[in-house]
Amino acid sequence: MLGPKRLQKELVKIQGPLAPGITLVSAEDLQSWYMDVQVMDNPIYSNEVYRLHFRFSNNYPIEAPEVVFVRDESHPIPIHPHIYSNGIICLDLLDSAGWSPVHNVESVCVSIQSMLTGNTKRERPPGDAEFVRSNRQRPKDINFLYHDTTV
Amino acid sequence: MAHIADQLKAEGNALFKSGDYSGAEAAYTAAIARYAQNPLLFTNRAFARLKLRAWDGVLDDCLHSINLLADNFKAYYYLAEAQLALNHPHEALSSALTAYEQVLRVTPPSANVHPISQLVLKCKKAKWEARERERARGRGQLLAELEDALDMLTQGEVGQVQAALDRGEMGAVEAEERRKEVLEAGRKKLEECRSVFAIADPEHGERREVPDWLVDNISFEVMHDPVMTKTGHSYERSTLIEHLKRSPTDPLTREPLTVNDLRPNLALKQACADFLENNKGWVVDW
Numbered sequence: 001m002l003g004p005k006r007l008q009k010e011l012v013k014i015q016g017p018l019a020p021g022i023t024l025v026s027a028e029d030l031q032s033w034y035m036d037v038q039v040m041d042n043p044i045y046s047n048e049v050y051r052l053h054f055r056f057s058n059n060y061p062i063e064a065p066e067v068v069f070v071r072d073e074s075h076p077i078p079i080h081p082h083i084y085s086n087g088i089i090c091l092d093l094l095d096s097a098g099w100s101p102v103h104n105v106e107s108v109c110v111s112i113q114s115m116l117t118g119n120t121k122r123e124r125p126p127g128d129a130e131f132v133r134s135n136r137q138r139p140k141d142i143n144f145l146y147h148d149t150t151v
Numbered sequence: 001m002a003h004i005a006d007q008l009k010a011e012g013n014a015l016f017k018s019g020d021y022s023g024a025e026a027a028y029t030a031a032i033a034r035y036a037q038n039p040l041l042f043t044n045r046a047f048a049r050l051k052l053r054a055w056d057g058v059l060d061d062c063l064h065s066i067n068l069l070a071d072n073f074k075a076y077y078y079l080a081e082a083q084l085a086l087n088h089p090h091e092a093l094s095s096a097l098t099a100y101e102q103v104l105r106v107t108p109p110s111a112n113v114h115p116i117s118q119l120v121l122k123c124k125k126a127k128w129e130a131r132e133r134e135r136a137r138g139r140g141q142l143l144a145e146l147e148d149a150l151d152m153l154t155q156g157e158v159g160q161v162q163a164a165l166d167r168g169e170m171g172a173v174e175a176e177e178r179r180k181e182v183l184e185a186g187r188k189k190l191e192e193c194r195s196v197f198a199i200a201d202p203e204h205g206e207r208r209e210v211p212d213w214l215v216d217n218i219s220f221e222v223m224h225d226p227v228m229t230k231t232g233h234s235y236e237r238s239t240l241i242e243h244l245k246r247s248p249t250d251p252l253t254r255e256p257l258t259v260n261d262l263r264p265n266l267a268l269k270q271a272c273a274d275f276l277e278n279n280k281g282w283v284v285d286w
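Protein sequence lines, in the order shown, are assigned to chains G and W. Counting along the first sequence from 1, when you hit position 66 you're at 66 in full-length UniProt numbering, and nothing is skipped either side. Counting along the second sequence from 1, when you hit position 62 you're at 62 in full-length UniProt numbering, and nothing is skipped either side.
Just so you know, these hints were derived from the structure itself, not from any lab. A hint or two may mislead.
Stated by the list, open to error - When the alpha-carbon atoms are kept at most 30 Å apart in a straight line, the in silico BS3-like pairs for lysine-lysine are as follows:
id : chain 1 : residue 1 : chain 2 : residue 2
1  : G       : Lys5      : W       : Lys127
2  : W       : Lys245    : W       : Lys269
3  : W       : Lys180    : W       : Lys230
4  : W       : Lys180    : W       : Lys17
5  : W       : Lys122    : G       : Lys13
6  : W       : Lys125    : G       : Lys5
7  : W       : Lys17     : G       : Lys9
8  : W       : Lys125    : G       : Lys13
9  : G       : Lys13     : W       : Lys269
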């Protein structure tokens with residue numbers, strides 16, 4: 001049961017200064033946090049703020065957190081070939097094979113931010129509509145194919 | 001006889017699982033009456049007694065079990081828990097360290113490495129607290145003696161003023177002024193003395209921060225058994241083992257990494273131990 005104790009400490013850290021464009025929205029308990037991400041240097045994403053929802057198991061950071069974008073009136077889901085329109089993100093470090101316990105909430109936000117910064121395509125992943133309609137799995141259980149590692 | 005004892009043990013285990021610790025204890029006791037040579041019967045009963053907070057019984061059972069089987073991390077683990085509860089932090093620490101040493105030799109890595117590692121830290125903290133209490137008591141006594149001595153000094157001077165007045169060497173007004181001065185000076189000395197003691201108190205103005213190099217990057221806690229990977233980074237052994245169970249890779253580079261590749265980082269271990277030892281019992285809760 002590493003999770004609660006480690007998150008307690010991350011929480012103290014994350015209330016201090018963070019990387020530019022990353023802000024803590026709320027961390028009401030040690031299971032579910034919201035973070036906002038802004039992308040500075042890419043016209044595709046300028047003037048928008050995206051909201052990430054983190055969910056932690058008791059086994060965090062041995063297990064990866066579940067991280068998805070959430071949509072509300074002021075926070076759209078960013079358009080990206082690896083982000084489905086329901087907010088599910090296909091990023092190797094969030095997947096159990098790619099996760100490492102030395103990552104933390106801030107470093108995950110920074111990785112997602114830089115995945116957006118580097119993107120040039122205004123596209124959703126292939127099969128987005130079908131995936132969003134049919135997927136009932138939790139993000140971590142999905143076996144994504146990282147066929148396109150250039151994005 | 002032995003197989004009846006095994007049946008009773010299975011019964012005890014089932015009762016234990018259902019949360020009936022007294023029932024489990026009784027079943028193990030019955031099993032031991034049939035066959036007293038199985039160390040597991042004693043460790044199981046110790047665990048049940050631990051749940052029942054029957055500390056003395058835990059001690060007996062653990063020592064019995066260790067007598068029957070020396071390589072016995074569970075018995076040392078429960079023993080340490082009971083010794084801690086009975087307020088014997090020194091003994092508890094030595095039992096916990098033995099448990100830790102033994103559990104590390106178990107293959108495949110046991111799920112108990114982490115809790116035992118945590119218990120070692122808890123014992124270190126208890127040991128530190130006991131010493132700190134002793135120190136505070138000693139300090140309190142010294143302060144009380146100093147206060148008494150200062151008070152006597154002041155009373156002595158007041159007596160001299162009175163004597164001078166009685167001998168007619170000092171007028172009543174002057175004597176009253178002198179008396180006030182002496183009392184005021186005495187009060188100031190007492191205050192000064194108390195504030196010096198307050199400053200020396202470790203609870204006072206401590207910077208409650210742990211340097212990054214003593215902190216495990218996975219659990220964010222102070223390490224007590226740091227191990228180094230090929231990249232030169234150190235982690236707490238028990239948390240890194242948790243990670244390696246899930247993914248046998250270096251947490252930073254994702255290169256293949258197994259428990260056998262880890263090397264103890266002895267200098268860092270000493271640094272962590274010193275940090276814990278030197279007046280920082282709070283570190284464990286930090």
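Holds or violated: are the alpha carbons of G:Lys13 and W:Lys269 at most 30 Å from each other?
25 Å, holds
Is the Cα-Cα distance between W:Lys180 and W:Lys230 30 Å or less?
The given pair, whose Cα atoms are some 74 Å apart, is violated under the 30 Å limit.
Proposed proximity, G:Lys9 with W:Lys17 (alpha carbon, max 30 Å)
34 Å, violated
Starting from G:Lys5, check that the Cα of W:Lys127 is at most 30 Å away, please.
22 Å, holds
With the threshold set at 30 Å, check whether the alpha-carbon distance from W:Lys122 to G:Lys13 stays at or below it.
Distance of about 24 Å is within 30 Å: holds.
Given the hinted pair W:Lys125 and G:Lys13, is their Cα-Cα distance within 30 Å?
Holds. W:Lys125 to G:Lys13 sits at ~24 Å (cutoff 30 Å).
Can the restraint linking W:Lys180 and W:Lys17 be considered satisfied, given a maximum Cα separation of 30 Å?
74 Å, violated
If you draw a straight line from the CA of W:Lys125 to the CA of G:Lys5, is it 30 Å or shorter?
Given pair W:Lys125, G:Lys5 holds - Cα atoms ~17 Å apart, limit 30 Å.
Given the hinted pair W:Lys245 and W:Lys269, is their alpha-carbon gap at most 30 Å?
Holds - the C-alpha atoms of W:Lys269 and W:Lys245 are around 23 Å apart, at most 30 Å.
The structure is inconsistent with the numbered hints 3, 4 and 7, although it conforms to all the rest.
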